[in-house]
Every structure is written in structure tokens, then in C-alpha cells.
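Build the complex from these two chains, which are given one at a time in their own frames, with help from the hints.
Residue numbers (this note's numbering), protein chains in the order written: chain A, 1 to 708; chain B, 1 to 215.
It is possible that part of the hints are untrue.
[Unchecked claim] In silico DMTMM-like links for lysine to aspartate or glutamate, alpha-carbon gap of 20 angstroms or less:
1. Lys-185/A - Asp-235/A
2. Lys-252/A - Glu-95/A
3. Lys-90/A - Glu-183/B
4. Lys-391/A - Glu-367/A
5. Lys-508/A - Glu-473/A
6. Lys-323/A - Asp-357/A
7. Lys-203/A - Asp-128/B
8. Lys-185/A - Glu-238/A
9. Lys-90/A - Asp-125/B
10. Lys-92/A - Glu-183/B
11. Lys-391/A - Glu-328/A
12. Lys-92/A - Asp-128/B
13. Lys-185/A - Glu-213/A
14. Lys-203/A - Asp-176/A
15. Lys-203/A - Asp-124/B
16. Lys-203/A - Glu-183/B
17. Lys-169/A - Asp-183/A
18. Lys-92/A - Glu-118/A
19. Lys-252/A - Asp-176/A
20. Lys-203/A - Asp-125/B
21. Lys-90/A - Asp-128/B
22. Lys-92/A - Asp-125/B
23. Lys-309/A - Asp-357/A
24. Lys-169/A - Asp-128/B
25. Lys-508/A - Glu-493/A
26. Lys-397/A - Glu-367/A
27. Lys-175/A - Glu-247/A
[Claimed, not checked] Chain B residues, not near chain A, derived (Cβ > 12 angstroms throughout):
28. Gly-68
29. Leu-81
30. Lys-94
31. Asp-100
32. Gly-110
33. Leu-121
34. Thr-159
35. Leu-161
Worth flagging that the hints you see were computed from the coordinates, not collected in a lab.
Just so it is clear, CB atoms sit at the ideal spot from N, CA and C, and this is done for glycine as well.
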Amino acid sequence: MVFQIQISRTETSNVIWVGNYSTTVKWNETVHWSWESKLPLECAAHFVRIRSVVDDAKFPELNFWSSWSSWQAVHVQDFLGQDALFVFPKDKLVEEGSNVTICYISGNIQNNISCYLEGEQIHGEQLDAHVSTFELKNVPFIRKRGTNIYCEENQRNAISDGTVLFVSKVLEEPKDFSCETRDFKTLSCTWDPGTDTALAWSKQPSQSYTLFESFSGKKKHCEEKNRCNWQITQDSQEIYNFTLITENYLRKRSVNLLFNLTHRVHPMSPFNVQFENVSATDAVITWKVHSTGDYFTFLCQVELHGEGKMIQQHNVSVKVNGKYLLNELQPNTDYVAQVRCADANHFWKWSEWSGGDFTTPEAAPSEAPDVWRTMKSGSHNVTLFWKPLSKFHANGKIRFYNVVVENLDKPSRLEHHSIPAPANGTELTLDQCSYRIRVTASNSAGTSPAAVMVVSADPGNKEVEEERIKGTEDGFSMSWKPQSGDVMGYVVEWCDRPQNPLCDFQWKNLGPNTTSTVISSDAFRPGVRYNFRIYGLSTKRIAYFTLSWKNYSTKSQPAFIKGYRVYLKSKAGQCHPGVEKAVLSDNTVCCQYKIDNPEQKTFTVENLQPESFYEFLVTPYTSVGEGPRGTFTKVRTPDEYPSMLLRVILPVSFCVMLLVLGCHLKSQWMKDKCYPDIPDPYKSSVLSLIKSKVNAGKLYVHHMAIED
Amino acid sequence: MNEWAGRVRDLTSFPLPGPLCLLMLLLPLLSPAAPISPAGPISQAYSLAVYMQKNTSTLLQTYLQYQGSPFSDPGFSAPELQLSSLPPAAVSFKIWHALDDGERLSHAQGAFLALTQHLQLVGDDQSDLNPGSPILLAQLGAARLRAQGLLGNMAAIMTALGLPIPPEEDTLGLVPFGASAFERKCRGYVVTREYGHWTDRAVRDLALLKAKYPA
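Here chain B stands alone, though its shape is the one from the complex (with noise of 0.2 angstroms):
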């Protein structure tokens, strides 16, 4: 996790001799205790989310390159295509719009929990690709990093909010290490397919919380 997510100081811990005590009661007439702002990270999240939503496309068509026909074809798209291990980014606009701060982050926190956990699974199918896909592999990892990264900033923003940060799951469950050779191929299309879709998703979301509480 990222180390700048936020630490809370836990008061408790401090052993404070009497005269302290009463000081400490002071303090907080003398200066209110502001919680941190969500400004800050909404605005580093929101930064993050945009820099990656630029790379999605290329990402996924680079990845559709090295799989050869009908994936390498142009314009391949194959919507029926999912995933149950990964929840998909399309909602209805009503729905989405209607959720609350706590509802919205968790959703995005679980989408990009999963993501990142299934890049891992589709760089290491993709790494057994040899010789060469060194550029494939790059931005596989590449974009692993950047969504832990943003995993990272809202996890600073529900604990701005005063949320509780969801415990980490394992959203692959049992992979299904027999998988074919055409089923991992069509795995890794669904996983940066998804990738691209969680990634507008995930702006939307804070453009909407960056709108709400304003620097």
C-alpha cells in the first residue's frame, strides 16, 4: 500500500502524566481538531484515474495484436465475452448516479482489487508467449501498478471520509489453472477490455466526488 495513504494518530496510546491531562483537555478549545481534508486525495486520484484512462486503448490494442486472428483483426470486439471473477464497469446511469460516497468507492475499490489481481494472471499467460512480447508485457505491468496506485489514493480518500476501507479479497477464487490456450487468450481480452471500461468508470466517479467536496 501506499505509504503516504494517511496515518491516523491514535491519541490512546501516549501516557500522560496529570498536569498533561488537563493541557491535553484545553487543546481542543484551542485549536478544533479538523478532520483531513478529501479534497487532496480526491484530486491526486482523479489525476491518476485521467493519466491512465490515455494508455487504456493502447493497452488493450496492443494486447489484441499479439493474439492473432480474430483478436488481431481490425475493429475485433466481442462483448459477450465476461468474466465472473470480474464484476463489470457498465451500470445504469440512474443507479450510478444515485449511489452514495461510501458505495461508489467501494465499488471502484473492488473493480480495480480484481484487476490488478487478474493483469498478474494475464502477464504471466502473456509472459509465456516467447520470445517476444516485451512491449505487451511492460504495459501489462505497467497498468498493475497504476491501479494499485489508484487502489492506493481512494483507499486515502474513504479514510479522509471517515470510511472503512474494504478488506482485501481474493476475487480470483480458483483459477482454473487447465485453461486453453484460446480460453486464456479470450481471459486476457475480458481483463483489459474491463481494464479500459472501470477507468472512464473510475473518472466519473471522481470528477463526481471532486465536485462535492471542493478544495
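With the rest of the complex left out, here is chain A (with noise of 0.2 angstroms):
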């Protein structure tokens, strides 16, 4: 059936509103239907009629309009005979942005009333005589403890009445609704609700939140506002249908989230995290992780940190126990590791961090401390200085400083010192000879590659280049020519303060290829002179030897000598650069060197090649010419690893002395073995061998004559 609904307001004849409801009916049954008014209904009197059709394809001869019932009068209260005014609607629940329609009935009241809406006037159409209505619309939401609307007389200036509208927040969807597990046992879903939309003096509370899942068909009121706890059944559903539903007293909302409980794995963070086997450079990180099943497989990112940064990152794949080898570490170092995990097959979310930390031991140092020495002038003294090891090559801390001095002429036996750290130099007295120095740093783990410096009893008449260079603000600019033969390196040194009588020792090594440098220095100060001294070292070492001839007097000779003259005769024929070449009588090339003071009786021949043959002779010269010429002497310089060659030649010999025995007492054996007598093809066992297979016994040697 269809009705038809009349409603109209003060008067039946002013019909507001007209409506059709279509519903089945059932024999006496009461129909239910209802209707809002916009306007209060306790402001003006309203009225509403029915008629029928039957809209049944089963009965169409009653397919026609029934008559309209009589009017039906509704009416709230009688306000009009009292002498009071009265606002309506009473404490309405709005949503923001909707229109409301606020309304007074002024009972006997004479005067002009204006009425307020937060205290601004609001204007409104008069419905008649008593009756007026303001149309409020796109309410705002303003306070949690509602809107005051009033109305005043005007002439009295009083408060007649007032209505409290209660806007409410919009309720907003669910945002970021999402659900995890940690162990199988519980889903935790959470969300984000929006806006509160709980209203003061009860009105509204805030909205309420539950979770229906479709495929067990289970509900659950959620007790938070933004989360909710769900327990999985051991039923192993794995995919999972929820809705979230939020309700207020206006509105409901939902959101919907389909998932694989496979998919949604947020684990634990690991367990027992554990350091083994820590080395100087390795070590080994051990986990567990929370088992959540037999076929459960964990990606776990194990990270390193040392110095604050991050340095290693890797990815282990785990079931329950997680293991892996942490390398290229440094010595002496304290590092933190941290282990996290999440699911290997369907990654969801990372576990928190679970780590720890360890530090590494020392190892021996891995470089030889930088040395270089000083020696005062006169005296045999050499001090010698170093600068301590930085940390990357210290590998821990340093306890003390070996100092092996071992002389190379006397070979006697070798001095041990030991400095403790922190010294930076040390002094030792040596005398004329030939010195190694040998330095390491030691730390509790072992010793440093040495530092190898040997010292030469230098007699220093060497004549020395001087040059003079300007500094400027970055420092100071020099060059060299660089030395003949095999060069390791350059050694510029130089004190960082001169007038000090700490003198602030300097130097700075340079390699093979250097032929000039930038020296700077925070101590360098304008206006003060600076010594630069640069040394070429070189490996091979200079052999010498120094001739004397102090018995000869010169004064009791018939002229006066003037000086000397000193020949040198080498295999190879090179002089040293600077030194004069000569030719002799039996034209062979020789190098001449000059000494023109008559009073000086030695002379030391430097730049000489060890191990070598050379020949030399002394002869005095006068105004008019050289003295006679004997015949030269014989002179072999020194090895330059004596101790080297007696180290190879001494196990080598006793190899073939042990051989020589050997081979004498199984000479027959030996014989036999390395040159027997040549057998006779035609009684060769081999071909006996080949010829029957049947004589396969002892091959025998026949003694024959060897063919020439």
C-alpha cells in the first residue's frame, strides 16, 4: 500500500509538507512512520492527515486514492497563554556544517525581544503574532559545552530564555587501520580516530569503537580509542576480513582492512645477544629469536657500529639461533653491534634493535715507528728521536720502545734498551765505529716492524751545500738536486724552535722520487732563522778507508812539500763525482785526489763500492812536482753483510760436506745408482722383459764395454 502524508502547520488550510510511504500491511497492524519537522514543533501548532491506495498488482480494482483522514492536531504544549517567553529547540545535538531552525513563542510578552547567538544578534522571520524563527546555517562547532542562544526583552533588559545547541565534531573515518602480530597469539590493530566527538552535560560521549571480523563472524567492543586487541583461535584462520565500526550518536562510519595473518609478522626483538670468539680483528655475533612456528624463517640485519658511525650492515637469514662473523675489524677498539628481524618471506615490519657491545684486543703494532737521529758535533753521541705511532697503526697501547745498537765493525754483542711510552727519543754514546740502530714500539700484544737506521762513523769533512730560501705563510719551499746511486728516501730536518736549548727537534720523510718539499709548522715564527738540513739515505752502504802516514816528516825532507797527492786505482775505473780522473804512465785511468796541506798525514777514501779491490798510493808534491811513485797498494773493501754471506756460505758447505760423506760411503750404492755400468741391450732385463714374460725376476746389471 501507499500513504500519502499531509502536514501542515498553524493552519490545516497551510500545507508545509507532503509525502508518500510505501510498505506492506498486514491486517490489523499498526504502521509505523515519523517524521522531522524543521521547525520546533513546540512553536507553532502542526496538523497531519493520511489517505491510501493499494498499489497491489494482485488487486487492481483498489488501485484508488481513499479519502484523506481528518486532521490530526499535534501539539507539544500550550505556551501561548503563559506570560513568559520560550526558546526552542532545548539542548539539540547537531553536526557541525548542518542547518538548524531555533524558534520563540512569546507568551503575553508586549515588547520588542532581540535574541543572541554568542552574543552577536541574530535576525529571524516572525511566523506571526507570537511565533518567530531564526534559520542557523552551516552551524560551526565552537565548544565542547555547547552554544548559548538567548532572547532578552528589550525594554526590560532582562533575560527571557535561552536553548543550548550542542554541535558536534564530524565523525571522521578511521585513519591508518592496521593490524600485526607479534607471536601468533594476539592481532593488535590499531588506527588513528580523528577528532573526539564526546560533548559536555552528557550530550554526546565519545565515539565507540568495535571490531568485526567477517569470516568467524566474532565481535569485539574496542575498550581504547585507538587500539584493540584480538585473540587468534588456534583454528589457524589465516586471512582475515575486519571491519572497524565507529558510532556516535549521528553518525557511523566503517573501514574495512583484508589480510594474510602470514603477512602481518611484526616479531620480537631478538634475545641473548652474545660476543664469541673476539680476536683483534674478528669476532663472532650470536642471537635467538622468539620461535613462532617450525616453518618460520627470520631475515635478521646485523649491524656494526664503531666511532659513532655505522660501518658494516649484512643480512643473515635465521630460524632460531642466529650466528655470523663479524671481520675486518681493528685492534684495540670498542664497537656496538645490534641484531634485528623480521619475517624472511613476507616482510612486514622490523623488530626493535637488541644489541651489544664489545672491544677488540690488542695486536702488535703494524708499523715501525718513525725514527731519525741527531748527532752533536764532536762528539760520537747520537740522539735519537721518534714520533709516537698513530692509533691506526698502534693496535693498542704502547707500553715501551726497543733500541738494539749493534756494531758493524767490532760485531760484538748487541746492546738492548728498552724506553718506556711515553718517551719520543733516547741518546746513545757510540764510538767511531759503524752502528745498526734498530727501533720498535711494543705493545701488550707484540712488537712493531723495525725501523732500521744505521749510523756510519762519518769523519763529516764533507763539504756541504748551503742555500739560502725565504719562508712564506704556508711554510717553507725547498728543493734539491737529487743523489745518484740507489736513494730510499729524503730526510728534511730542522728545529722548531732554534733559540731554544730544546732546540724542538723536527724532521719529515720523503720518498725516493722527492726532489723537493713544503715544510710548515705551527711553532715557525716570522723573523727567526731556520735551519733545514736534508739527508738522502741510501742503501747501499759507502765502504771507505782511511791511509795514515804520520811517520813521514816533512821537515826533514830536502824540499818544502807543499802537500799530497793520493792515487786510487778501482776495477771499474769510476771516480766519485767531483773527484779529479788522472791518467798513469801505463795508461790506465785512475782518481786523483789532492790534500794541500803538508801537515795533514790522513786522508779517508769515502764513496767506495764494499767488497771491492782497489789499489792506492800516496805521494808528497813540491813547487816544481810530484814526489816519486811507488808501487800501489792493495786494499779490499769490507763486505757489506759480512755476517750474511757467513750465515749462507756456513750451512751450505756443511750441506756439502754431509753430501761429499754421503756419496764416499755409499759409493757403491752410488755407483750403482748415478753412473753404473751400461748394460748390454741384448742382456737388458727390459728386454728380457718384453722378449718373455715368464723371466720377470731380477733385472741384473752386465758389465760391458762402453761404446765411444
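Listed below in C-alpha cells is the structure:
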């Protein structure tokens, strides 16, 4: 049946609404229908009437409208008789942005009435002599305690009546709805609820949240407004279809989530993080993960941090126990390592980090200390200086430095000196001989490679080239000619504080191909003279020998001796640069040294090759010419590494001796093995072997004549 | 009720043997049974009323602030709003001055009794005001307790003066539960306003009594 309803206001003739309502009817059953009036019903009389028609194909003959029912009056209350003003609707709850109609009925009040909303006057329409309406469009949310609307009589300036309009914020759809499990026992669902639509005066509580799962048909009311826990039952349900429903007095909203449980695993953080087999360069990290079933594999991430930075990151596949070897570590360093895990098959979220720290033990220093020496003129005391090893090379705390002094000219016991750190130098008392000095640094784990320095007993009568350079803001720029021969490198030495008695000795090591450098130091001061010495380090030891003819009496000679000449013959025929060449009577080339001082009766011939033969001759000269040249005396420069030769020769000769002895003792066997009689091929056992297999017996040698 | 509101010793409840009876007859001659001086209770009541007077305007202002416009508008006043269940404090000076002790005190008693009940009602209404008006609720609660204290003090005065204490009446009667939010806001305004007016009047009443019954 279809029912048509008419609603009138104030008078029956004033129809304000018509509508149809279609429904099935049963005999004697009450039909219910409702209609909400925009104008509060208290403000005017309303009338309603109804008529019907049967809209059923089965009864086409009843398809005509019935007559109208009589008008039914809807009276809420009679306010007209009263001597007061009444404002309606009372305490209405509406949603922000909606439209509301306010009205007042003034009974017998004669005065003008003004109405206000939040202190601002509102203007409305007069419905009739006693009723006025105000239409509020798009009402805003002002506060949870509601919005005051009141009216007052202008003359009396007194509040007559009012109402509180409760405007609710619009209920938002939950955002970021997501569920995950940490242990396959509980599902934890979270969301962002948005604004809380609760209002004061118990007008509206906070919106409720309910979780509904469609496959199981289960429902749960959530106690918190942004999270809910769901029990995972044993029945191994994998796919979940959740609907999160939120509701307040005005509106209902929902949001859906369909997911596979195994794709939403957020593991608990790993536990029992341990470090095993921690050495100077590597360590093994082990950890355990909370087991969630036999078929579960985790992808774990291991991070290594040192000095505040991340150094390494590795991915490891783990079932229950995790293990990983961290290598390329530095000795004597603090490290922090941490692990986190996630589902290997369907990644969802990483667990929290779990970690620990460890420290690698010390290792032996990896580099030789940077050593240099200085010698006081006149004495043979050598002061050694070294720079402390960098943290990278020290591999631990340096405890002491070892200085081993070896006399190269007179092989004797080695001198050991142990200087505790943090010393950066030491003084050695030496004599005129050549010494090899080895310096090493030691920490608790071992000793560094050695820095080797050879101090030769230099007479020091070399001519030193001197140059003056000017310093700039960046330092001193200097260059030199490359030295001939095998140069290992160059060292520039200077004093940072030349005025100081302590000198503040400095040096700089340079590579063999360097011919220039810039020396800068924070200690350089303007207007101060600094002395820089540049040394070339040679791999080869320069051999020399000293000649002396002290017994030669210059005074008792027939002439005035002006000086001496020293002639040197070498196999190579080469002279040291700067040394004159001379041709002798037998057309051999030799080197000539001139001594202009008749009283100088010693001379050191330097820059010679070790292990070489030389021939020398010393003869005086006068203003007329040279003295007689006698025969050349032969001399051989000592070996560079005499001891090394011994180390090679002795074992070799020993082996040879053993061999000879062996050969002698087992001469017969040797003979048989090494030089047997040439066998007769016809009598050879090989042939006999080939000839007949029966005769596969002993092989014996026949003595036969050797063919030429 | 306050503990110290006075205990009247009832002599007839003691069982007295003969000789003691004679002694008891002599006692009135030995020591005159002086009635309790009202000066103490009056002074106490007066101090409390003065202390209350300091806070009444704060209570009214705090209340109005929480109700929104027009209540919260500066200088808001609606003297035409009245509650039939609350006796008005305003009275003509001539009539007020001519009141005797009994009438004076019983008017005050009745008013403050009504005020304690109305303050409870207003407190319940305002505690619906969720989330935030702990200050207002605290002040309403304090006002109600002080009003109750003053009631106790006044009972003590009446006892000291030998006046009968009026019975506790249910002044609120039938509470209109269906009162709308706006009506409840108006109601609370009238209560806090009248509380201030009655406190002012109590100070004057007690000052008068204090002068009449000096310590």
C-alpha cells in the first residue's frame, strides 16, 4: 500500500509538507512512520492527515485513493497562555555544518524581543504574532560545552529564556587502520581515530569503536579509542577480513581491512645477544629469536657501529639461532653491534634492535716507528727521536720502545735498550765505529716491525751545500738535486725552536723520487732563522778506508812539501763525482785526490764500493812536481753484509760436506745409482721382460764395454 | 553537624543515691550554673562569615566564565532571574534591624541550608561539564562546605542563646529534573549570586550580635 501524508502548520490550510510512504501492511497491524520537523514542534501547531491507495497488481480494482483522514493536531504544549518567553529546541544535538531552526514563543509579552547567538544578535522571521524563527545555516563547532542562544525583552533588558545548542564535530573515518601480530597469539590492531566527538553535559559520549571479523563472525568492543587486541584462536585462520566500526549519536562510519596473517608478522626483538671468539680483527655475534613455529624463517639484519658511525651491515637468514662473523675489525677498538629481525618470506616490519658492545684486544703494532737521529758535532753520541705511532698503526697502548744497537765494524754482543712510553727519544753513547740501530715499539700484544738506521762513522769533512730560502705563510719551500745511486728516500730535519736550548727537533720523511717539499709548522715565527738539513738515505753502505802516514817527517825533507797526492785505482775505473781523473804512465785511469796541507797526514777515501779491490798510492808534491810514485798498495773494502755471507756459506758448505760424506760411504750404491755400467741391451732385463713374461725376475746389470 | 556544636548535659540521666542528692541540691548554691556565653560562638561564626565573604565574588565570576555568553560577558547581571526555592537576601533595612535574635538567626539558617542543597545541585550540574572545569567544581565544593560550617556555628549560637534549632527542611523540594541546559546555567548563576548576597547579610547579622553579646 502507498500512504500519502500531508502536514500543515498553524492552520490546516497551510500545507507545508507532502510525502508518500510505501509499505506492506498486515491486517490489524499498526504501521509506524516518523517525520522530523525543521521548525520545533513547540513553536506552532501542526496538523497531519493521511490517505492511502492499494498498489498491488493482485488487486487492481483497489487502485484508487482513499479519502483523507481528518486532520490530527500535534500539540506539544500550550505556551501561548503563559506570561513568559520560551525558546526552542532545548539542548538539541546537531552535527557541525548542518542547518538548525530556532524559534521562540512569546506568550503575552508586548515588548520587543531580541535574540542572540554567542553574543551576536540574530535576525529571524516572524511566523505570527507570537512566534519568530531563526534559521542558522552551517552551524560551526565552537566548544564542547555548547553554544548559548538566548532572547531578551528589549525594554526590561532581562534574559527571558534561552537554549544551548550542542554542535558535534563530524565523526571521522578511522585512518591508518592496520593489524599485526608479534607472537601469533594476539593480533594488535591500531588506527587514528581523528577528533573525539564527545560533548559536555553528557550530551554525547566519545565515539565507540567495534571490531568485526567476517570469516569468523566475531565481534569485539574496543575499550581504547585507538587500538584493539584480537585473540588468535587455534583454528589456524590465515585470512582475516576486519571491519572497524565507529559510532556516535549522529553518525556511523566503518573501514575495512583484508589481510593474510602470515604477511603481518612483526617479530619481537631478538634476545641473548652474545659475542664469541673476539680477536683483534674479528668477532662472532650470536643471538636468539622468539620461535613462532617450525616453518618460520627470519631475515635478520646485523649492524656494526664503531666511533659513532655504522661500519658494516649484513643480512642473515635465521630460524632460531643466529650467528655471524664480523671481520675486518681494528684492534683495541670499542664496537657496538645490534640485530633486528623481520619475516623472511613476507616482510612487514622490523623488530626493535637488540645489541651489545665489545672491545677487540690489542694486536702488535703494524708499522715501524718513524725514527730519525741527530749527532752532536765532535762527539759520537747519537740522539734518536721517534714519532708516536698513530692509533691506526699502534693497535693498542704502546708500552715501551726497544732500541737495539749493533756494532758493524767489530761484531760483538748487541746492546738492548728498553725505553718506556711515552718517551719519544733516547741518547746513545757510541764510538767511531758504524752501528746499525733497530727501533721497535711494543704494546701488550707484540712488537712492531723495526725501523733500521745505520750510523756510519763519518769523518764529517764533507762539503755541505748551503742555500738561503725565504719562508712564506705556508712554510718553507725547498728543493734539491736528486742524489745519484740507490736513494731510499730523503729526510729533512730542523728545529722548531732554534733559540730554545731544547731545540724541539723535527723531521720529515720523503720518498725517493722527491726533489722538493714544503715544510710548515705552527711553531714557525716570523723573523726567525731556521736551519734545514736535507739527508739522502742510501741503501748501500758506502765503503771507505783511511790512509795515514804519520811517520813521514815533512821537515826533514830536502824540499818544501806543499801537499800530497793520493791516487786510487779501481776495477770499475769510475771515480766519485767531483773527484779528478788522472791517467798514469801505463795508460790506466785512476782517481786523484789533492791534499794541500803538508801537515795533514791522514786521509779517508770514501764513497767506495764494498767488497771491492782498490789500489792506492800516496805521494808528496813540491812546487816543482810530485815525488816518486812507488807501487800501488792493494786494499779490499769490507763486505756489506759480512755476517750474511757467513750465514749462507756455512750451511751450504755443511750440506756439501754431508753430501760428500754420504757419497763416499755409499759409493757403491752411488755408483749403481748414478753411473752404473752401461748394460748390454741384449742382456738387458727390459728386453727380457719384453721378450718373455715368464722371465720377470730380477733386473741385473751386465758389465759391458762402453761404446765411444 | 560540627562536633563542637555543644553538648547539653542532661542531669536527669544520672542515677543518684540519697546523700549525693542532698549534695546536688547544694551545688547550685556553691557554684552558679552560668549559661554558655554566646560571645564565643558568635565570634567564631563572624570570623568564618568574613572569610567566606572574601571568596564569594570569585566564585560568581568563575561560574559565569564557564557558562559562555551572555553569562561570561563582562559585567553580566540578571537580577530578574530568581529561584523560588531560594529565599532572597534582599530585605528592607527597617525590617532587618527590627528582627529579634531568633528570627535573625533562623532566617540565616534557612537560607544557608537552602544554599548548601542548591550548591550541591549546581555542583552536580557543572560536573557534567567534561573535560575541564576542576577549578569551578573545587570552588563550588568549598563554598558548600563553608556554608555547612556556618550552619553549625549558627546552631551553636542558638544553643547558647537557648533558642530552638529549626529542623532541616528539604528546601529544594521536587527538583525539576528535566531542566534544560540553559535553565541549569541560569539556576547556577542565581545560586552563586545569592550565596554572595546571603554571606554579606550574615556578616552584618553577626556583627550586630557580636555588639549585642560582647565577650
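Verification of the supplied hints:
{"no.": "1", "hint": "Lys-185/A - Asp-235/A", "verdict": "holds (12 angstroms)"}
{"no.": "2", "hint": "Lys-252/A - Glu-95/A", "verdict": "holds (13 angstroms)"}
{"no.": "3", "hint": "Lys-90/A - Glu-183/B", "verdict": "holds (10 angstroms)"}
{"no.": "4", "hint": "Lys-391/A - Glu-367/A", "verdict": "holds (11 angstroms)"}
{"no.": "5", "hint": "Lys-508/A - Glu-473/A", "verdict": "holds (19 angstroms)"}
{"no.": "6", "hint": "Lys-323/A - Asp-357/A", "verdict": "holds (16 angstroms)"}
{"no.": "7", "hint": "Lys-203/A - Asp-128/B", "verdict": "holds (9 angstroms)"}
{"no.": "8", "hint": "Lys-185/A - Glu-238/A", "verdict": "holds (13 angstroms)"}
{"no.": "9", "hint": "Lys-90/A - Asp-125/B", "verdict": "holds (16 angstroms)"}
{"no.": "10", "hint": "Lys-92/A - Glu-183/B", "verdict": "holds (14 angstroms)"}
{"no.": "11", "hint": "Lys-391/A - Glu-328/A", "verdict": "holds (16 angstroms)"}
{"no.": "12", "hint": "Lys-92/A - Asp-128/B", "verdict": "holds (16 angstroms)"}
{"no.": "13", "hint": "Lys-185/A - Glu-213/A", "verdict": "holds (16 angstroms)"}
{"no.": "14", "hint": "Lys-203/A - Asp-176/A", "verdict": "violated (29 angstroms)"}
{"no.": "15", "hint": "Lys-203/A - Asp-124/B", "verdict": "holds (15 angstroms)"}
{"no.": "16", "hint": "Lys-203/A - Glu-183/B", "verdict": "holds (15 angstroms)"}
{"no.": "17", "hint": "Lys-169/A - Asp-183/A", "verdict": "violated (38 angstroms)"}
{"no.": "18", "hint": "Lys-92/A - Glu-118/A", "verdict": "holds (16 angstroms)"}
{"no.": "19", "hint": "Lys-252/A - Asp-176/A", "verdict": "holds (18 angstroms)"}
{"no.": "20", "hint": "Lys-203/A - Asp-125/B", "verdict": "holds (12 angstroms)"}
{"no.": "21", "hint": "Lys-90/A - Asp-128/B", "verdict": "holds (17 angstroms)"}
{"no.": "22", "hint": "Lys-92/A - Asp-125/B", "verdict": "holds (17 angstroms)"}
{"no.": "23", "hint": "Lys-309/A - Asp-357/A", "verdict": "holds (14 angstroms)"}
{"no.": "24", "hint": "Lys-169/A - Asp-128/B", "verdict": "holds (19 angstroms)"}
{"no.": "25", "hint": "Lys-508/A - Glu-493/A", "verdict": "holds (6 angstroms)"}
{"no.": "26", "hint": "Lys-397/A - Glu-367/A", "verdict": "holds (14 angstroms)"}
{"no.": "27", "hint": "Lys-175/A - Glu-247/A", "verdict": "holds (15 angstroms)"}
{"no.": "28", "hint": "Gly-68", "verdict": "violated (5 angstroms)"}
{"no.": "29", "hint": "Leu-81", "verdict": "violated (7 angstroms)"}
{"no.": "30", "hint": "Lys-94", "verdict": "holds (28 angstroms)"}
{"no.": "31", "hint": "Asp-100", "verdict": "holds (36 angstroms)"}
{"no.": "32", "hint": "Gly-110", "verdict": "holds (27 angstroms)"}
{"no.": "33", "hint": "Leu-121", "verdict": "holds (14 angstroms)"}
{"no.": "34", "hint": "Thr-159", "verdict": "holds (43 angstroms)"}
{"no.": "35", "hint": "Leu-161", "verdict": "holds (41 angstroms)"}
When each numbered hint is compared with the structure, violations occur for hints 14, 17, 28, 29.
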